[in-house]
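Each chain, written out:
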Amino acid sequence: MMKLSLGPILWFWSKQTVFDFYAKAAEWPVDTIYLGEAVCSRRRELKPDDWFDLARDLKACGKEVVISTQTLIESEADLRRLRRICDQNEFLVEANDQSAVQVASRHHIPFITGPSMNIYNVATLKVLAKQGLKGWNLPVELGRETLEQLITGLKQEGLDLPAEVFAWGFLPLAWSSRCFTARHYNLPKDNCEFRCLQHPDGMELRSRESQELFRLNGISTLSGSRYDLMRELPKMDRLGVNTVRLSPEHQGMEEVVKRFDQVRRGGVPATDPLQLVEAPPCNGYWYGRPGMDLVVS
Amino acid sequence: MELVCPAGSLPALKTAVDNGADAVYFGFRDSTNARQFAGLNFNDKRAAEGIDYAHSKGSRVFCAINTYPQPDGWEQWKTAVDRAAGLGVDAIILADMGLLDYAASRYPDIPRHLSVQGSATSYEALSFYKDNFDIRRAVLPRVLSLDQVRGVAKHSPVELEVFAFGSLCIMAEGRCYLSSYLTDESPNTRGACSPAKAVRWQETPQGLESRLNDVLIDRYGQGESAGYPTLCKGRFEVEGSVYHAIEEPVSLNTLDLLPELQELGISAVKIEGRQRSPAYIADVARTWRQALDNLKRTPGMFTVENDWRNTLSGLSEGGLTTLGAYHRKWK
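Top line first, the protein sequences correspond to chains A and B. Our numbering applies: residue 14 is where the first sequence begins, and numbers increase by one. Our numbering applies: residue 539 is where the second sequence begins, and numbers increase by one.
For the record, the hints were derived by calculation from the structure and aren't laboratory data. Bear in mind that the values here come from a model prediction, so they are computed numbers and not experimental data. In this text, a Cβ means the ideal position worked out from N, Cα and C, and glycines have one as well. Worth double-checking, as some hints may not be accurate.
[Said to hold, decoys possible] Below, a list of computed lysine-lysine pairs in the DSS-like style, where the Cα atoms sit at most 30 Å apart:
(1) B:LYS869 to A:LYS60
(2) A:LYS37 to A:LYS271
(3) B:LYS668 to A:LYS28
(4) B:LYS869 to A:LYS139
[To be verified] Cβ-to-Cβ under 7 Å is the rule here; a few derived chain B residues that face chain A:
(5) GLY636
(6) LEU754
(7) GLU775
(8) LEU802
All chains should be built: construct the whole structure from the sequences, respecting the hints.
Listed below in structure tokens is the structure:
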């Protein structure tokens, strides 16, 4: 059976909100939980030790835990946090850039690459396998066809590298040195007053025709529509996908997990509406189309 | 410091060389490079002619193969590396790890430069590329502040090239999927951002509208000058206010930083713009050549001449320039 994972929380939530979220998640039918701050160096509600304590608790509850690294590494302080994450031998690491691959492989820590690592071909996977790659996420802009070619290629090479697919949530699409939330409030990034805390699901960016385009989330930009591949799970299973990733939201997550769990077990999900943050659905990338498109099959 | 100029065509290449480029960079006429524009770039014959011309004038030539091949494109991208090698380029600019591996093992003697699309923002990332593919040089993404560039330069295992002038990408390059979210092409997959085929201009009672795959990117009132609808430079609505929510249409200009870049040991400054005309390239190359020559002649006394400033702002998006992320306040 395919595994379900909870990706790292991409938003900025208070420490208590994070603890409450994972206290509940410990009971959900997810196999793998990614923990840690993957977006902004200024988000330090939880210190590295808090994350590790949480990781141990979740592990004790039977979850596989992976510690995520920051996606855009810019400063010496960022590198210090990265080294701290790799200076342990209890948990796998999610490497979200080449700095993380370098540091993890130097520490002989096995790693999984996150969706922001540019894995577009088998040759790249072979390079990373030599560094200690234990699994990989398909970049969000790639679809079913490429995934199938990659999995076939890996088999031909005799490489056993489990594939994970981002299958539900707002897609992380870009990272900048500029903070768009601080910019909205006319605040300098270095003195942002942590306004992201007021936006637990980001800020909607719409066209002047009110089309939902993106979600601003500090230095990162996410899709304005919510990616949803639930209906594709049987196909993913046949392709040989190992893990399906759900991206945490602060509302309705338990129901989402339950439905994905039903579908991966061959069941039919409930059809009553979910109590989610309002956003249109999309699945275009999976079909090789613009990501925002919704293909109804 | 070396001046590296863009060449989207043979006339642009010759112009860049004639106006003082130490090196020029070009791509093939397909999606193997990050500036895939109709009518732009080189076939093998034109490339050979350009390389001969540049070499005869003492300039070097780099070939950019800096998009990410998917399995069904692998042979085409690999062949592009073979073609560049056969042409006798002085370096290949690469981003994809698989392709870097291929180039390093097949053509160890041809220097490899890490493209800005490789998204290396720390010296640990640079060490990864150095250790695995023995890159000689890396182009740094435009997201780092000058202090951060200093930190990277201090420990860098390779030569560094930084962007000096031209369009400003404000997202970490190589990891921006905004374009493929709205259209079906991105810099990584097709070498295109906000591709021209998806652009539509429309006069409406509310003003001139620019659209990308039907998404309204901007609307211009009377007297406002309209720019190409690069999606991150449009005006959008966030919580009730309409503004350039991601970035204004401005260009990067780092003339003022030249002495500091030199002091940091930066090896080369790069001009963006393979999509630009030969006339544009001539003005930009000449201006930067003069600036670099002055810097060399009178180190410690360098000042930016008004002439240079005027020339460059005249060539900038909206006539405006910024130091971008190099200047911490911009963030």
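With a cut-off of 7 Å, does the beta carbon of B:LEU802 approach a beta carbon of chain A closely enough for the hint to hold?
-> Violated: closest Cβ of chain A sits about 15 Å from B:LEU802, beyond 7 Å.
Restraint check, 7 Å cut-off on beta carbons, for B:LEU754 near chain A | holds (4 Å)
Is the straight-line distance between the alpha-carbon of B:LYS869 and that of A:LYS60 30 Å or less?
-> The given pair, whose Cα atoms are some 24 Å apart, holds under the 30 Å limit.
Take a quick look at whether B:LYS869 and A:LYS139 sit within 30 Å of each other, Cα to Cα.
-> Violated, because 37 Å separates the two Cα atoms, which is more than 30 Å.
Should the interface hint for B:GLU775 be scored as holding, given a Cβ-Cβ cut-off of 7 Å against chain A?
-> Holds: closest Cβ of chain A sits about 5 Å from B:GLU775, inside 7 Å.
Given B:GLY636 was flagged as interface, is its beta-carbon under 7 Å from a beta-carbon of chain A?
-> holds (3 Å)
Is the hinted pair B:LYS668 and A:LYS28 satisfied, with a Cα-Cα distance of at most 30 Å?
-> violated (39 Å)
Given the hint that A:LYS37 pairs with A:LYS271, does the C-alpha gap stay at or below 30 Å?
-> holds (13 Å)
Hint compliance for this structure: hints 3, 4, 8 are broken, all remaining hints hold.
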